[in-house]
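Peer 1: These two chains come separately, so use the hints to put the complex back together.
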Amino acid sequence: MNLLKLSWKNLLYKPLNLLLSVVLFALGVGLVSFLLNVNHQLEENFNKNLAGIDLVIGAKGSPLQLILCSMYHVDNPTGNIPLESARAFLNPKHPLIATAVPLSLGDSYRGFRIAGTTYDILELYKARLAQGRLWEKDMEVTVGATVAGKLHLHVGDTFKSSHGLVEGFDEHEHDFRVVGILEPTGSVIDQLILTTTQSIWASHEHSAVASDSTAHEAHDHSHEHEHEHVEVAPQMPDSVSLRKAAEAQRLELMNHSDKQITSILIRFRSRTNIQALNMGRNINENTDLMAASPPNEIARLQTSMGQGANTLRWLAWVIVVVSGLSVFISLYSSLKERKYELALVRVMGGTRSTLFLLIILEGLLLAVLGYVAGMVVSHSGLALVAGYLEKSYRYAFTSLKFLPEEGWLFLGSLAVGFVAALLPAWQARNTDISETLAKG
Amino acid sequence: MLQTKDLTYSYDGKHLLHFPDITCQKGEHWLILGQSGCGKTTLLHLLGGLLTPTAGTVTVAGTALERLSASQLDHFRGQHIGIIFQVPHFIRSLNVGENLALAQHLAGLPVNYDRIQSLLDRLGIGHKTNRPPEALSQGERQRAAIARALVNKPALILADEPTSALDDVNADEVAKLLEETAADVNATLLIVTHDSRLKSHFSKKIELEPQQVQSTL
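Sequence order for the protein chains is A and B. Last residue of the first sequence? That's 466 in the working numbering, and every number before it is there in order. Last residue of the second sequence? That's 235 in the working numbering, and every number before it is there in order.
Everything labelled a hint here was simulated from the structure, so no lab data went into it. Some hints could be false.
[To be verified] Listed next, the in silico DSS-like pairs over lysine-lysine satisfying Cα-Cα at most 30 Å (straight line):
no.	chain 1	residue 1	chain 2	residue 2
1	A	LYS362	B	LYS58
2	B	LYS58	A	LYS365
3	A	LYS365	B	LYS32
4	A	LYS270	B	LYS194
5	A	LYS152	A	LYS119
6	A	LYS465	B	LYS32
7	B	LYS58	B	LYS32
8	A	LYS176	A	LYS163
9	A	LYS163	A	LYS119
Remember, it's a predicted structure, so these values are computed and weren't measured experimentally.
If we strip away everything but chain B, and leave its shape as in the complex, we get (with noise of 0.2 Å):
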């Protein structure tokens, strides 16, 4: 389902980042660990098609990611990849419904309200469907953003400490809903955190070693 082989990245062209092989099958949860600095955030990038490596693979349900052109790798993140940031960012100008909307309309699917209304209820937050994002709570929040996240059913929900913004009792609840959520559709959920609270949530884990800064030199 989830399969990186070699992953290298280098922001400078100097210095490499190098991260360990990833497989991870259809349905499974992981969780990937790490201090700051150890390049959590750009390996999630990488997984997401954000970033493109220096060297090596990302393999989403099938499809190599580094052989898709620039805007067929938009479209395929659209359909198939769910992304959650530790932050959750909304179109200001959209209330929460239509940001959902957007999200389906992006990734070329029908716009579909009965889904997100339901997605929205599965949630929590049903009752917000017509409010701004900035009449949301923290917490009201970051479910908002997985419920965008999951909107078009990806095959692979990733997720940016999506709990280390949260107090204890959301962290909790996100957790859940998060590994709820992603069963309800059969994906694959990896999330990078350094948030040790969730440790206890999920068995399979990843552990990224610092990083040594390498030379290419």
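Bound conformation, chain A alone (with noise of 0.2 Å):
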């Protein structure tokens, strides 16, 4: 028997004012640290795909977009450009171009983009492979992990894209072929399906003449008849016949004058080279391309956004000081009826402290349930909402993981508490036993 358990069984023994308060308490640290978690792991998100990309350049439209839609994924293109304006972007050569990512989208599978490309890609992404090799020919894919993950993908499995982001609709005539699978980078690679430019070229002119016939075959996937999978050992060129390689493939496209891709990534040799800083604002008012910095046009994502959590948050701050008001007023009408029990207290043995801290032992005691039930709702929310979260934002959302601020929350929790707790306290500190006593 002590104080902490005292104070316990005092909470315990009104257990609908300990269920208000708890609640109360554990709405706001919840809602606080869900806010706190998915604003976190979003410009996470938005930071790491960020890749050192100075600029993306694709069709007019909105910047916006055709950032969402290059970068994360997550929009579709704002239109496609024609190589014969682009190729001099892709030319290893270009003085102020340190790396050019050329990408052609419109095509998924099973809600996976594929994204007909170049080498350059995976240095961008710092992307390794885990299993067999890199996309060569035509029709051969390379997969990000969460891509062989959840669709279950093996090297030497096949499958037909379909038109757009949504799956089932549109199929298209050609088989693709896994030929390797990524390692997990925690970027958006692992969410893409890569293959050479040509092959979405390849698929769309022959998807026209096709797309009737294959309606029938919905999902009838190779690979799901295959029932043993061999590891295959992952064959990755050396960085330097890597970048020889995407070199070749970038010239290799730009002989192709005819067609269309939907964006090229752009990384500077140098950030500090007046021209390079120069060359969005070219492009955007000399050439029909445009051209949209990422990191401004996050920031302005983000500020939009964060005006939205920002009002929310400081709702989630309110309803935290609310518990605290409840805790308080839990607490001080509790002393009423508990008066004799707090001067039996001090008959017994205790002292004026000793009541003093009864009292606030309950209020932090109160404040470490709220907290830890916060806590529980806040990160099971997260884990229930991380699989709308990831097919929107293409990106894994973790909900087992802890944010320094949420141990400043606990803080700010235990905090709460005590102030609530305080008056009370000084209250039972105060109270007169032999009056108390005496009355009966």
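Peer 2: Here is the structure:
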């Protein structure tokens, strides 16, 4: 028997009061923690996928859409651009551009986007092979780690793509064949199916003819019939030969002036070069293309999203304060009926400080319970929406990650519990024991 | 063992209550009789250190209560003085045994459940150890209150009208148990009451005169 146990028993004695205080506390803490996590993980996602990209070039339209589409793969393309006008940016000898990644988007397989591109994209996201090899010929694909995991794809499997990002709609005739699987990187490349630009062109040229005949084939994918999958050792080329191969792919693309691609991701040789900094404006003013700066667009997006998040955060703090108030009211009102008990504690040898401490402990206990319940609420909430968020943001949300801010939130909760208990504790400390006992 | 001298108390700073000097030896049992309003409860609170006298001294087991600081007095009371009230109250959120354990803990003594159980057995409510206080009958509750007052083996036991809320059978029983258990730990027992049923139990008595309300002016 000690004070902590006594305060715990006192709380349990009024289960409904306890429930109300804890639920309110949990709501406030849960909301704050939930917002912190979503905000943090979104920001992390956005920042990780910036991948040092300085400029995105695509068809004219909304710059934000271009970036969301080309870098985060959450939106549709703004349109296509003719290679004729884009070829200059792909030139490995361009004086300002260190890396240029051409992207041809538009097809998907079961919700995962197929990107026709060059090996440059691997360098951009620092991706490495886990199994098999990189795509070489048309219709060969190397898939990201999440794609392989979610769709149970293995080296050697084949599948048909469909048009757009919606699955099972308007399937194309040709079979893609998985030749390699990438290691997880935590970036958006985990969610991509990579192939040659030419494969995208090829499947679109044939699909117009074949779209009817494939309707009945539905999801009859050969990999579902294979039972034994052998782990294939990765054959990752070294960085020099990877770079050479990538340049060769770009040079090859530059020969197809009649074809189109969706966009180009560009990394400058130097970010302080004034010509490089002006490149975006030059493109926007003097060509039919559009250039968008990811950091600018993402900052703008975060500002507008941040306002909503801010409002919610204020609301959450209001709930925390209200829950503090509920702790205060429940402690304060319990004092009246517990006056005799408090006097008894003194009769049994407890001091004024004992009574003060007892009530403070009750406030702190409520705060701890509320915090724990809030964490359970927010993290199970995160787990619930993780599926939805992953689909719409192409990012694996984790519900088991705890932020340092949540440690501060714990201290904040304790502070709320302490402050709420302060006045009742003082009141309890000053109970006139003789008068209380005499009244019986 | 217990000694008071010139004990005076004033509720409002104007009117004084004077109490006769009391001297009790160790192990003696005393009855303090008086009609309501003569300051019985005030005297008991003064003896128990629950009130600070306006003037005069209270000495319990060689310790002058007025020399102790507030928290020292609380500790001293917990260890050396057991108090029983007219209406037995308990910490409602704790069961009977836990209430006694709390008394041990608050007095700064180690919690001893064997002592608690044997004491409750002695008082005939050993089967109520794990029951909440409100599940006990009035008589059982008063016995549990006696157990709580006795659990730390105090030198002095003060009882304020311990039997006036009980029927004859229970009153008799409780008075007997009070005497016996006080004798068990060789404590000085002091009962303030107006309950004349108790007179036959005790040979040593102090009659409190109805207080003449005296003005300091």
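Peer 1: LYS58(B) and LYS32(B) were given as a pair; does the straight-line alpha-carbon distance stay at or below 30 Å?
Peer 2: holds, 19 Å
Peer 1: Check the hint pairing LYS270(A) with LYS194(B) against an upper bound of 30 Å on the C-alpha distance.
Peer 2: Distance of about 105 Å is beyond 30 Å: violated.
Peer 1: Within a Cα-Cα threshold of 30 Å, do LYS365(A) and LYS32(B) meet the stated pairing?
Peer 2: Since the Cα atoms of LYS365(A) and LYS32(B) sit roughly 28 Å apart, the hinted pair holds (cutoff 30 Å).
Peer 1: Do the alpha carbons of LYS465(A) and LYS32(B) lie within 30 Å of each other, as the hint requires?
Peer 2: Holds: LYS465(A) and LYS32(B) sit about 22 Å apart, inside 30 Å.
Peer 1: Are the Cα atoms of LYS58(B) and LYS365(A) separated by 30 Å or less?
Peer 2: Holds, at roughly 22 Å.
Peer 1: When you check the alpha-carbon spacing of LYS362(A) and LYS58(B), does it fall within 30 Å?
Peer 2: Given that 30 Å is the threshold and the Cα spacing comes to 26 Å, the pair holds.
Peer 1: Is LYS152(A) close enough to LYS119(A), meaning Cα to Cα at most 30 Å?
Peer 2: holds, 22 Å
Peer 1: Does the alpha-carbon distance linking LYS163(A) and LYS119(A) stay inside the 30 Å limit?
Peer 2: OK: LYS163(A) and LYS119(A) at ~25 Å, within 30 Å.
Peer 1: Within 30 Å, alpha carbon to alpha carbon, are LYS176(A) and LYS163(A)?
Peer 2: holds, 25 Å
Of the numbered hints stated above, the single one contradicted by the structure is hint 4.
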